[in-house]
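Colleague: Residue strings, one per chain:
There are 2 protein chains.
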Amino acid sequence: MAVENMFWIGLVGAAIALIFAFTRARMIMTYSEGTDLMKEIAAAVRAGANAYLRRQYRGVAKFFVVMIIILAVLAFLGLVSPFVPFAFTTGGIYSGLAGFIGMKIATSSNARTAHAAHESLNRGLRVAFSSGAVMGFTVVGLGMLDVSIWFHILKYAFHADAATIGSTMVMFGMGASSMALFARVGGGIFTKAADVGADLVGKVEAGIPEDDPRNPAVIADNVGDNVGDVAGMGADLYESYVGSILASFALGVSAGYGWNGLFLPMAMAVVGIIASLIGTFFIRTGETTDQKNLLGALRKGTYIAAGLSAIAAFPLTYFIMDGNMGIFAAIVSGLVAGVLIGYFTEYFTSDTYKPTQELAETSKTGPATVIIGGISLGMKSTAIPIIVIGAAILVSYYAAGGGANASHGLYGIGIAAVGMLSTLGITLATDAYGPVADNAGGIAEMSGLGEEVRNRTDALDSLGNTTAATGKGFAIGSAALTALALLVSYVDIVRTKDAALLNISLTNPPVLIGLFIGAMTVFLFAALTMSAVGRAAQTIVVEVRRQFREIVGLMEGKAKPDYETCVDLCTRGAQKEMVAPSLLAIIVPVVTGVILGVNGVIGLLAGATVTGFVMAVFMANAGGAWDNAKKYIEGGHLGGKGSDCHKAAVVGDTVGDPFKDTSGPSLNILIKLISTVSIVFSMLVISFHIF
Amino acid sequence: MAVENMFWIGLVGAAIALIFAFTRARMIMTYSEGTDLMKEIAAAVRAGANAYLRRQYRGVAKFFVVMIIILAVLAFLGLVSPFVPFAFTTGGIYSGLAGFIGMKIATSSNARTAHAAHESLNRGLRVAFSSGAVMGFTVVGLGMLDVSIWFHILKYAFHADAATIGSTMVMFGMGASSMALFARVGGGIFTKAADVGADLVGKVEAGIPEDDPRNPAVIADNVGDNVGDVAGMGADLYESYVGSILASFALGVSAGYGWNGLFLPMAMAVVGIIASLIGTFFIRTGETTDQKNLLGALRKGTYIAAGLSAIAAFPLTYFIMDGNMGIFAAIVSGLVAGVLIGYFTEYFTSDTYKPTQELAETSKTGPATVIIGGISLGMKSTAIPIIVIGAAILVSYYAAGGGANASHGLYGIGIAAVGMLSTLGITLATDAYGPVADNAGGIAEMSGLGEEVRNRTDALDSLGNTTAATGKGFAIGSAALTALALLVSYVDIVRTKDAALLNISLTNPPVLIGLFIGAMTVFLFAALTMSAVGRAAQTIVVEVRRQFREIVGLMEGKAKPDYETCVDLCTRGAQKEMVAPSLLAIIVPVVTGVILGVNGVIGLLAGATVTGFVMAVFMANAGGAWDNAKKYIEGGHLGGKGSDCHKAAVVGDTVGDPFKDTSGPSLNILIKLISTVSIVFSMLVISFHIF
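Residue numbers (my numbering), protein chains in the order written: chain A, 164 to 854; chain B, 164 to 854.
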């Protein structure tokens with residue numbers, strides 16, 4: 164059969180992923196949620212998360228309506244393809260749906276994990292991991308579905324050829340990007356406002372333990388884990404996943420590979436789904452709560468999936484690309500880079516390694532040295548990921564034939580991104596597992612389960628922190644590669660439309676100025692998201708203090724706090740504060756384009772991608788290291804909990820919270836959204852610009 | 164007379180500057196150093212500074228010998244011009260000499276300023292400012308001398324034509340760059356190690372006031388102000404000054420302007436010297452210690468100099484460039500950008516404006532929010548300088564004719580840098596004034612001068628903090644423009660030698676990877692310098708604690724502390740710790756070049772300049788704002804000294820110390836040194852590279 168007629172495998176892949184996610188979800192629901200108290204707490208978290216998402220989607224819907232009108236006008240003026248407004252809508256809906264399902268299942272699994280951990284560690288792990296798997300496979304399933312449906316509509320309903328499909332579909336990423344930005348920024352602000360608010364008043368001022376049910380912000384804190392780390396992370400990676408495939412479509416066409424150039428990324432994605440699915444069956448553990456053992460269990464699944472993907476990629480590339488095995492090397496370079504970046508993230512942020520232990524030592528001379536130490540550690544930690552990404556670019560470009568033909572090489576970069584993301588199903592599963600385990604621990608604490616159960620949920624939670632670090636590294640790395648692929652696609656679009664405009668030499672002032680603006684946008688965006696957390700947290704602090712003061716009998720456990728108000732305040736705060744940074748990401752590329760033209764935009768994309776990547780790694784790793792340095796001290800080092808060292812480390816951790824959970828991860832989206840916005844508005848900028 | 168034969172004006176300009184500096188120095192020496200105690204303290208600071216510089220230069224000499232050998236080998240192999248090893252040496256010597264003279268006069272003026280302030284505020288201001296003027300005019304005088312002498316040697320002894328002089332002399336900047344790096348990094352580590360060490364043990368642990376003579380690190384702290392802020396800042400701006408002129412030489416030649424292209428930057432520099440000289444006469448004040456009044460006095464001088472420069476540039480450009488007044492616009496855009504960046508730096512870091520006042524408010528919720536607030540403020544503050552620099556690039560490029568002929572536009576960028584730096588004489592004077600006033604305050608405190616004198620020196624010191632902020636902004640802005648001019652010169656060199664190698668399109672992988680490495684180098688360099696301060700400060704902390712413990716009668720004022728050991732430890736620490744970051748700056752461009760070729764180097768230069776600029780602004784402004792937020796609280800707001808707010812603000816200030824005085828300013832040099840190293844090693848990279 165000609166490759167041209169085999170794109171149905173995308174639909175098959177999507178179906179496999181979604182059916183698997185469904186069976187996992189069914190399996191989870193057969194577990195019990197435990198005691199009445201546990202059910203009640205879980206219901207409160209669920210209600211809070213639902214309330215947040217409802218409001219979030221209502222707010223985002225307004226934005227989408229405005230954007231759809233703008234895009235429709237552009238389409239009417241012939242400045243974008245008429246499909247774009249529709250694809251923008253489906254991208255947003257699918258991405259939103261992935262977030263919704265992921266959160267739904269995560270909030271249904273937390274109490275079940277706690278209850279299952281009551282029976283055995285392995286059962287607890289399986290429930291929590293299954294919940295992560297639902298998220299992971301829903302994301303890849305819906306992503307593939309969106310891509311496949313549009314492909315088939317264009318090909319069979321509109322009889323588009325490969326070139327048209329490639330150049331049209333690359334514009335389809337903006338809907339998912341926009342949705343992802345709101346999810347990441349809004350969720351990131353929510354979760355950290357709740358966390359900081361709960362800690363500052365509950366732990367520090369009132370002196371009650373973490374996750375204590377008397378703390379009015381405790382439910383909001385648990386809701387935050389779900390809306391930030393589950394929905395936000397899911398939307399982020401959904402976007403990278405779809406973005407890398409669409410960019411490869413466009414690059415494959417301009418490399419002259421025709422249908423085969425489109426088929427390879429789709430086939431790789433399907434192979435990755437199957438490999439990930441197989442990998443999940445290898446994740447199980449015995450009864451020892453030893454971290455190495457648990458981590459080994461998760462790693463085994465991920466590595467098996469990556470290995471299977473790489474093995475399958477060999478015949479696949481051989482047949483699809485007519486024996487051009489350089490492209491196989493590009494796929495493998497992406498897979499390897501993903502694993503390496505994850506590993507080194509862990510090295511710099513886990514307290515089993517030297518960097519974080521040394522950071523903990525700096526607490527001896529007070530909070531200032533902890534801050535300097537953490538910033539310095541985070542900045543140092545950028546070196547290796549940069550070298551890894553640099554090597555992946557070099558290998559994928561030259562192996563794919565970039566030395567002789569640049570467009571072949573650029574296709575290699577796109578395909579490397581697809582390779583890195585092919586096993587997203589399982590990578591995201593190990594990552595989305597974390598918040599569920601964290602919530603389970605909270606529920607175990609609040610509902611007074613025994614010490615043995617707490618020990619198990621603690622072990623699962625601690626594992627979640629490690630996988631969160633690895634997952635963050637992976638998310639950043641894949642975002643950078645995807646953004647590069649999109650940048651190259653943008654250049655391609657301009658070349659097709661009006662090659663004479665293109666002067667992307669580094670000495671062309673618009674390019675240089677674009678670079679500066681790109682770097683600045685990253686700094687400004689990070690600043691805005693960080694101060695947003697501060698402001699939102701402030702309202703929670705005031706509210707929690709008010710409740711402690713006004714609700715009689717609260718501290719004695721005789722009265723219940725008003726959880727809903729805290730959830731509501733976080734929601735409002737997040738909705739309000741996410742507007743400015745989001746608008747920045749959308750306005751900057753358009754304004755830059757109108758003033759500096761396409762070359763300015765290309766400079767902007769390069770500057771934002773480069774600085775954004777370095778900054779995201781810095782913020783994620785500094786934040787992770789501060790968090791774990793604090794935990795290291797709490798584990799009995801340097802005087803343990805309550806010591807002066809611990810107090811200094813808490814300052815570091817509080818600074819690290821918005822670093823690692825708000826600003827850092829949001830930068831992933833920023834660099835991709837700037838790219839997709841630029842692509843959608845490319846014809847406008849080509850038609851109208853000042854310089 | 165033909166322009167070709169008028170380059171002697173450079174020698175005249177140098178002579179004017181140096182003679183003026185000499186007369187100022189003579190004038191200062193006529194003042195008395197005051198009481199015996201004051202003389203004694205001043206002598207101790209002087210001895211410490213001398214000891215530091217001696218050791219610094221001895222260490223640097225070793226590096227210079229190694230580099231000269233390497234350059235001689237390269238010259239022997241025909242990979243650099245045979246003049247380079249000699250020019251490298253003179254550049255290093257002149258830059259070192261400028262630092263030496265500046266420090267010599269600064270350490271001779273501190274007690275004299277204190278004593279003069281005893282008589283009147285105006286006298287105090289005049290002595291301190293004159294000391295700054297000696298530094299400012301020595302830097303521009305020696306810079307002009309170095310450039311002029313080499314120009315005359317090449318032109319008259321070797322009969323070189325304009326093209327040869329332009330392309331040869333652009334390689335001459337590396338000596339000054341290397342010296343500047345050691346001065347900035349070493350001085351920055353010294354000053355902050357002493358400061359942090361003195362504060363942590365003296366102020367926080369022992370509870371004695373700042374500048375208390377019982378503190379063993381107090382002399383080291385005063386020495387630090389001189390070696391960091393005077394010698395370091397001087398070497399930094401010496402390098403920008405010379406670098407911008409040399410880059411404009413090269414760009415003028417490749418723009419086809421011949422001798423005229425070389426003459427304009429030199430003439431502009433001479434005009435700037437005279438304008439600066441006139442400006443200094445307008446700096447005087449009455450007896451009110453009001454900051455606005457004092458700042459007005461300094462500003463008047465600077466603005467008059469800038470205005471005169473701009474006015475004189477008009478006929479100059481008209482005659483030299485045959486009525487091409489676009490180049491005049493380029494000069495003015497540089498001058499205006501310098502003033503604007505300085506102004507906005509002040510806006511973000513002075514406690515008379517909202518940003519710093521709001522930062523002070525965040526201290527209510529503890530140190531963590533102070534840190535988040537300061538980081539966020541610093542990041543936000545990058546936007547305006549970027550827009551200003553972007554606008555300056557755009558205006559200077561297109562006004563100078565870049566739309567029709569790129570090389571004309573690039574000359575415009577070079578000339579804008581020269582314009583910005585033309586009034587360096589007076590700008591640097593207002594900046595180098597600060598440490599002298601700071602030292603004068605310390606001496607007034609230690610020698611027990613009356614309250615009225617303290618009030619005056621406090622007013623002078625506080626003014627110094629403002630001018631330091633403005634000066635830092637100016638140093639960063641001029642470094643960025645100079646680095647851009649050098650980047651463009653590099654591209655030019657490669658184009659002349661082997662144009663076929665050049666593919667600086669942003670989608671060429673070596674360029675992209677170079678960008679990533681550039682950004683990473685900035686982060687890594689900042690991390691290394693920051694942790695260097697931490698380690699060096701640690702040794703001071705240990706030593707001060709030891710002296711407090713072991714020297715009997717120290718706290719009662721009956722015994723004297725051992726100041727020398729602290730100075731010595733700071734010196735050793737600085738010497739040891741400056742090696743790693745310095746090597747990074749030299750090795751990265753060479754290794755990148757050998758692996759990725761010239762396109763990788765060009766990407767590296769762009770990435771480092773862009774990220775380095777943004778990062779330098781961020782660090783300088785965050786640090787400055789933290790410092791002033793603390794001072795704002797000490798001024799009686801939010802509970803004043805000793806309150807919880809103050810304690811939180813002190814944490815911010817301590818974090819800010821290495822930000823604003825070590826890592827931030829060192830980044831200026833990093834981006835210029837990477838450029839000059841790349842230029843010197845360009846032929847090596849052209850002849851040998853892997854990709």
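Possibly wrong hints are sitting among the right ones.
It does not matter which identical chain is used: a pair holds within one copy or between any two.
Straight-line distance between alpha carbons at most 27 Å, and here's what the computed BS3-like set of lysine-lysine pairs gives [to be verified]:
no., residue 1, residue 2
1, Lys225, Lys721
2, Lys527, Lys810
3, Lys739, Lys527
4, Lys739, Lys318
5, Lys739, Lys517
6, Lys794, Lys527
7, Lys739, Lys463
Rather than coming from a laboratory, the hints here were simulated on the basis of the structure. Note that the structure is a prediction, hence the values are computed from the model and not measured.
Colleague: For each hint given before, does the structure comply? Return the numbers of the non-compliant ones in rising order.
Modeller: 1, 4 and 7
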